[in-house]
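2 protein chains.
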Amino acid sequence: MNLLKMSFKPIADIGEFGLIERISSIVSSSLESSPKLIEGIGDDCAVYELSSGTFQVVTTDLLIEDIHFDLLTTPVQHLGSKALSVSVSDICAMNARPCYALTSIALPPKTPVEFVETLYRGMNETALLYNMALAGGDTSSSKNSISISVMVAGEVEKNHITYRKGAEPGDLVCVTGSLGGSAAGLKVLMREKNLMLEHIRNGEQYDRDLMNNLGEYDKAISQHLLPPARVDIVAFFEKHMIVPTSMIDISDGLASDIAHICKMSGVGAKIDESRIPILPQARLIADEFQDEALNFALSGGEDYQLLFTIKPDKFDTIASHPDISVIGKINPENEGLLLKDIYGMNIDLLSIGGYSHFRE
Amino acid sequence: MNLLKMSFKPIADIGEFGLIERISSIVSSSLESSPKLIEGIGDDCAVYELSSGTFQVVTTDLLIEDIHFDLLTTPVQHLGSKALSVSVSDICAMNARPCYALTSIALPPKTPVEFVETLYRGMNETALLYNMALAGGDTSSSKNSISISVMVAGEVEKNHITYRKGAEPGDLVCVTGSLGGSAAGLKVLMREKNLMLEHIRNGEQYDRDLMNNLGEYDKAISQHLLPPARVDIVAFFEKHMIVPTSMIDISDGLASDIAHICKMSGVGAKIDESRIPILPQARLIADEFQDEALNFALSGGEDYQLLFTIKPDKFDTIASHPDISVIGKINPENEGLLLKDIYGMNIDLLSIGGYSHFRE
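Protein sequences appear in the order of chains A and B. Sequence positions in the first sequence follow numbering that gives the first Met the number 0 and run 0 to 359. Sequence positions in the second sequence follow numbering that gives the first Met the number 0 and run 0 to 359.
Since the hints were made in silico from the structure, they are not lab data. Each residue gets a CB set at the ideal place from its N, CA and C atoms; glycine is no exception. Warning: the hint list may mix true and false statements.
[Unchecked claim] Part of the chain B face toward chain A, derived, beta carbon under 8 Å: (1) I10; (2) A11; (3) S50; (4) L101; (5) S103; (6) V115; (7) A126; (8) G136; (9) I145; (10) S148.
Next comes chain A alone, as it looks inside the complex:
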């Protein structure tokens, strides 16, 4: 191919999801030739048949400095932890247990050795927490910025695997934990970063440990810097013999992620605003920034809680869990994807977007 003769339609024109669609169609022939590959592109993980009763689920994430993380607002050890948790969260979204991870990093040669050691210490502690192994990977140099690639493999019994597709009218829509904390925490961190840069520009001292002492915002900041993957929820499902009808982890925001479930399942849904569990600190922070905490929950993303649907007869078991909220109901597709607000008005959720790469 001659690069110079190509027609230059930039990726920004078709966006992340347009790009994924084109890639899917190109790789479909290699997928068809591999009968053991159960699912390729399109869910939280790829699914591969290991043996008659077991599926392997695998996911990979590529984190780029100043796109996915900012070293001015992220302690390095937390970065290592989050890099792993984000991929483990994808494993949980398939109702699977994480088994091992491979990580690759590319670093400028001037990077301090201690940076890498601290990063891997964060990853290792987090791997121990999830009872999984860090199985190595690749290190190489880069010119300017740091790239971290994480791949996690997990396992799940064939009849327990949970896809984004599978939700049916009448199912209950549930979410774990509370939402909006990550976006709220990021707001505070960005304000702190700008303050720090201003101090530096003015030649003033700035004690960077302040960043870790933002006590009144601790829960929101921690939700942003150290989101826990909900392996505990997968264990709860197993203990109570619940298999959700569909599941996804909230990475782009509730509005965008419930839309993924609805699109893949061919259904609609109605979400009840008053039932969305919003982190109390997120409300305080929203007030400070003259924003709405609901926006953080709907389109802030990066909360890494699980969003799933269950049959209504599982309601009692689910309701017994203190950290799961029932927030709505699955409807037929033609009824649309709606948010019933606190005044009883129905708002089209599809009009509220989540994060998408490449848009400028």
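The hints should help you fit chain B onto chain A, whose structure is shown.
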């Protein structure tokens, strides 16, 4: 951790292998907690026990623009193909069959859609060639340069797996294909690139298709741009019931890669220069550049041929294969790692390095 208070020993001071050692020691506790993870860092792949008789081998590579690839000398479709082949080569080096791949890319929003499509077309064609599936991955934006992360999983029967360790005194050292072609091809491509840049600086026309028409250098250039992973050799071993005692793929150069086998196996070796299969075109190119083709083979790297050791009683079977050369013998560790040159002199191979990241 407070970045500003860290002592700044740059990675360049300890090099790629020093860095890997430090990472290994940090992640060892998560490895110990996972009994099914058979091998972590230190071989071509990590090894995970799937079931009683089968191991999964997994490898990951992270390719960074202008470090690992140069879009001025690499057609995009070839880049996709090579990105996959390099990881499949690691799978082959464990004596395993590739099963599926996950790829992630990070791209500046201005990247043409056609670039991504052509890249994935190259990957998909190559996946079909190796009879494996491209199972998706992750796409995201980057600021300036393109990063490509590839993860490949393969399978091998437990008693066929081949590590870098396992070579014993008396074993024969063998190599597939011919060496030095990749480094020689790169020399030609770099000269062509400089010529092109000169034309552009002078405001002259330059027909970029010339790059694909360097007919007399075709084999060397193709060895650099489209190195084939030797899945055929793994199939040959299986057909003839040969399990090498150790194996590695030649990514850093023969000198460095035989040293890895010797270090991991606790042995020495003597390589016979006259038996090293050097690509004839590499000799012609070396003459043009007033270099030696032997250098290309020993420390050029990126040939992605297999370097392995076998018991001497397998000699007849191995010798029957037209594309395998016996190039030396494994010795006790105290006899060192030597190259017997064409004049019969013994040269210390450890003094000849391969490619290592981070050194400036």
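To see whether the hints hold, each was checked on the structure:
1. Checking I10/B against chain A by beta carbon gives a least distance of about 5 Å; that is within 8 Å, so the hint holds.
2. Below 8 Å, beta-carbon pairs count as interface contacts, and A11/B has one with chain A at about 4 Å; its hint therefore holds.
3. The restraint placing S50/B at the interface with chain A holds, with a minimum CB-CB distance near 6 Å, inside the 8 Å limit.
4. With a cut of 8 Å, the hint placing L101/B at the interface with chain A holds, because the nearest CB-to-CB distance is about 5 Å.
5. A least Cβ separation of about 4 Å between S103/B and chain A falls short of the 8 Å threshold, and the interface hint therefore holds.
6. Interface hint at V115/B: satisfied, since its Cβ lies 6 Å from the closest Cβ of chain A, which is below the 8 Å cut-off.
7. Interface restraint check: A126/B against chain A, minimum CB-CB distance 4 Å, threshold 8 Å, status holds.
8. Taken as an interface hint, G136/B checks out: its beta carbon lies about 5 Å from the nearest beta carbon of chain A, inside 8 Å.
9. Interface hint at I145/B: violated, since its Cβ lies 10 Å from the closest Cβ of chain A, which is beyond the 8 Å cut-off.
10. Interface hint status for S148/B: upheld, as the beta-carbon distance to the closest one in chain A is roughly 4 Å, under 8 Å.
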